[in-house]
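Go by the hints and put chain P onto chain S.
Chains as they are written, first to last, in full-length UniProt numbering: chain S, 1 to 287; chain P, 1 to 287.
It should be emphasised that the hints constitute simulated quantities derived from the structure, not laboratory data. Each hint should be verified, as a subset may be incorrect.
Stated by the list, open to error - Straight-line C-alpha distance at most 30 Å; calculated DSSO-like pairs for lysine-lysine:
1) P/K10 x S/K266
2) P/K249 x P/K266
3) S/K266 x P/K266
4) P/K278 x P/K266
5) P/K10 x P/K278
6) P/K10 x S/K249
7) S/K278 x S/K266
8) S/K278 x P/K10
9) S/K10 x S/K249
10) S/K249 x S/K266
11) P/K266 x S/K278
Note that this is a predicted model, so its numbers are computed, not measured.
2 protein chains.
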Amino acid sequence: MPSQELEYPKQPFSTVNRYNNRASYSLQQIHEIVNTTHFINVSFTDPSSPFPVSIPMIGQMGSFARPSADTGDVLDLYLHGYISSRLLNLSRNNNNSDNNKKGENTGSGSSSNGEEQGLPVTISATHVDGLVLALTPNNHSYNYRSATLFGHAALVTDVEEKLYAMELVTNGVVPDRWRNSRVPPTGAEMASTGLLRVRVAAGSAKIRSGMPGDDRFDLENEQVAGRVWTGVVPVWTQMGEPVAGPDNKVQAVPGHVRDYVRDGNKWAREIALEQASKAMKPKKTED
Amino acid sequence: MPSQELEYPKQPFSTVNRYNNRASYSLQQIHEIVNTTHFINVSFTDPSSPFPVSIPMIGQMGSFARPSADTGDVLDLYLHGYISSRLLNLSRNNNNSDNNKKGENTGSGSSSNGEEQGLPVTISATHVDGLVLALTPNNHSYNYRSATLFGHAALVTDVEEKLYAMELVTNGVVPDRWRNSRVPPTGAEMASTGLLRVRVAAGSAKIRSGMPGDDRFDLENEQVAGRVWTGVVPVWTQMGEPVAGPDNKVQAVPGHVRDYVRDGNKWAREIALEQASKAMKPKKTED
Chain S
1 MPSQELEYPK
11 QPFSTVNRYN
21 NRASYSLQQI
31 HEIVNTTHFI
41 NVSFTDPSSP
51 FPVSIPMIGQ
61 MGSFARPSAD
71 TGDVLDLYLH
81 GYISSRLLNL
91 SRNNNNSDNN
101 KKGENTGSGS
111 SSNGEEQGLP
121 VTISATHVDG
131 LVLALTPNNH
141 SYNYRSATLF
151 GHAALVTDVE
161 EKLYAMELVT
171 NGVVPDRWRN
181 SRVPPTGAEM
191 ASTGLLRVRV
201 AAGSAKIRSG
211 MPGDDRFDLE
221 NEQVAGRVWT
231 GVVPVWTQMG
241 EPVAGPDNKV
251 QAVPGHVRDY
261 VRDGNKWARE
271 IALEQASKAM
281 KPKKTED
Chain P
1 MPSQELEYPK
11 QPFSTVNRYN
21 NRASYSLQQI
31 HEIVNTTHFI
41 NVSFTDPSSP
51 FPVSIPMIGQ
61 MGSFARPSAD
71 TGDVLDLYLH
81 GYISSRLLNL
91 SRNNNNSDNN
101 KKGENTGSGS
111 SSNGEEQGLP
121 VTISATHVDG
131 LVLALTPNNH
141 SYNYRSATLF
151 GHAALVTDVE
161 EKLYAMELVT
171 NGVVPDRWRN
181 SRVPPTGAEM
191 ASTGLLRVRV
201 AAGSAKIRSG
211 MPGDDRFDLE
221 NEQVAGRVWT
231 GVVPVWTQMG
241 EPVAGPDNKV
251 QAVPGHVRDY
261 VRDGNKWARE
271 IALEQASKAM
281 KPKKTED
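For reference, chain S alone in the conformation it holds in the complex:
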C-alpha cells in the first residue's frame, strides 16, 4: 500500500458530474473494480468507421517495472482478447512514427517530447450488485460499482514484459492458474499472442449502494406503501461446479480451481449483500 491513498487527477473528460457524491478517484477502488470483473469493455475510435468500436476483453492491472506493486499503486492495464485485431493494428500504426524515432522496447509509455504514444482508449468495468426496487419506477435503480479508465494502448513487444502480462492475465482468470498449466509458452505461442499495455491517464469510479430512496408523498400514501414491495435483490457473478473436459486426465478438480470457485462465490455474494445494507446516500442526490 502507498503511504497515502493515491487519486487520479480530475480531467474534464473524467470528472463525474451527475450524482458526484457517488464518485471516487481512488486508484485502490478503481483498480479493484477493474481486476475483479470477468471482462472489461474497451472503446476506441476507428477512423474508418462512423461508430466507435466497443469490444469486451480480458484486462488485468499490474506493474511490469515493479511486479510487487499493490492494487492502490500506479499500474498499467494489460489487455488480451480474441476480437482485437483492429485494436492491435491501430495501436501498431499509432506507435510506428514514434518507434521510428526512438526504437521499440524502451518500456516507456511516453515519447521523448512528452506526448503519450498509443491509441486513446476508454475502459469500462462494471459490477451490478443489486436491483433496487422502489415504490415508483422513477426511483428504481441498481446497486453497482463501475470504473472508467482513460489511457493510451500500445502493443507489448518486449518478451519479458509479454511473459509478465501473460502470467498476469492468466492468473486474473483463475488465481495461480499460470504455474498450474503448461508453461512456458512455446515460441509459436509467444509470437501468436497479442497483448496491449494501457498507460492510464485518468480514471474514475461510480458506486451506488443501499436501499431505495422513495419520495415522502409516496411513502405517506398508505395505499401505495401498503401495496408495493420495496427493497433490493442482491446480484453477483456466480461460478458453478467445474465441468471436466473430454480430454481431461486429472481425477480431482485441483485446489486452485476449487478454492477460487468457493471463495470467489462467497466473496461476491457477501459484497452484494453488504452493498444492499449500506446506509443510503443523502436523499438530495437521489432521483
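Positioned in the frame of chain S, the structure of chain P alone reads:
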C-alpha cells in the same frame, strides 16, 4: 416471430473478421443477448474529449410502433441511465438542426433527406458463460455471448413513446414490475426522466461455447496431460434472496419478484451449463 429469420446487414464496421465462425447477425440472437444482460455499455465520441465516452446503462429493445413485436423483429433500443447527461446533451444538439427543419415527435428516425438523425453510438452487451481452462495459457478462453449494435441515439420527446419506454425499461429490470409499482408517473417524474431511442443501423453477435481446444502435442504429452486439469467453470449472474428495505410495508416478497429470482437463476445456470457442454467448434478456428 417473423416468417423467416431476419439478419442485420453486414457493414464494414459490423463484420466479425476474427473467429468469424463464432459470428451471428441474427436479430433474434442479438436482441436476446441485449435484453437479458443487466446492463449494456454505451460508447460515443465526445468532440470535447480526446477519449471516447463509455458508460454502463440500462437498455431494453422494443417497438413503440408495434408493441407486440417479437425479439426477432426489427426493434429500437431504449436507454436509461443516471450518467447520461453528456449523452443527452449531445443527442439533443445532434437533433436540433433536424428538428428545426421538420419538427419533433414524428416517430421517425430518418430525416427527410434519408440521413439518420441522432448521435452515433455503439452498444456492447456481454454474458460471460464460463471460464475455459486448457492445458496451456494460450488455449484458455471464455465461453461468452456478446452482442454489438451500431445506431443513432435521439432523445424521446413524445409523451406516449416515453411512457412506453419507461414501462419497457422497468419491466426489463424485473418482469411485470411496472404495474406492481406506483404508476402512472407524475408530471414531474415524466419531465425529469430522460430516455434515448437508438435506431439500429447494424449489429452482430459473437458466441463461444464448449470445452477447451488443446493442441495435439500437449494432449499427447503424458506429463502435461496428467498434471493439468482442463474443463469449464460455468459462470452466470445470480440473484439472491430479496432484502426488504426499511420503508417496506408489504409482508411477503411478491410473486413477480420471487418468480423472477427463482426462474432467472435457474435459466441463467442452465445456459452456462449448456454452453459448456456444447460441441466444440472445429479446431482450425481456435487459437
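Consistency of the hints with the structure:
For a cut-off of 30 Å, the pair hint linking P/K10 to S/K266 is broken: about 43 Å separates their Cα positions. Pair hint P/K249 plus P/K266 holds up; C-alpha atoms about 29 Å apart against a cutoff of 30 Å. Between the alpha carbons of S/K266 and P/K266 the distance comes to roughly 19 Å, so the proposed pair stays at or under 30 Å and holds. The suggested pairing of P/K278 with P/K266 holds, with an alpha-carbon distance near 18 Å, which does not exceed 30 Å.
Of the pairs offered as hints, the one joining P/K10 and P/K278 holds, with about 27 Å between alpha carbons and a cut-off of 30 Å not exceeded. Restraint check for P/K10 and S/K249: the C-alpha separation of about 42 Å exceeds 30 Å, so the hint is violated. Our distance criterion of 30 Å between C-alpha atoms is met by S/K278 and S/K266, whose separation comes to about 18 Å. For the hint linking S/K278 to P/K10, the alpha-carbon distance of about 47 Å lies beyond 30 Å, and the restraint is violated.
Distance check on the hinted pair: S/K10 and S/K249 sit about 52 Å apart at the alpha-carbon level, beyond 30 Å; violated. With a C-alpha separation of about 29 Å, the suggested pairing of S/K249 with S/K266 holds against the 30 Å cut-off. Distance hint between P/K266 and S/K278 is fulfilled; the C-alpha atoms sit about 28 Å from each other, no more than 30 Å.
Checked against the numbered hints given earlier, the structure breaks hints 1, 6, 8 and 9 and satisfies all the rest.
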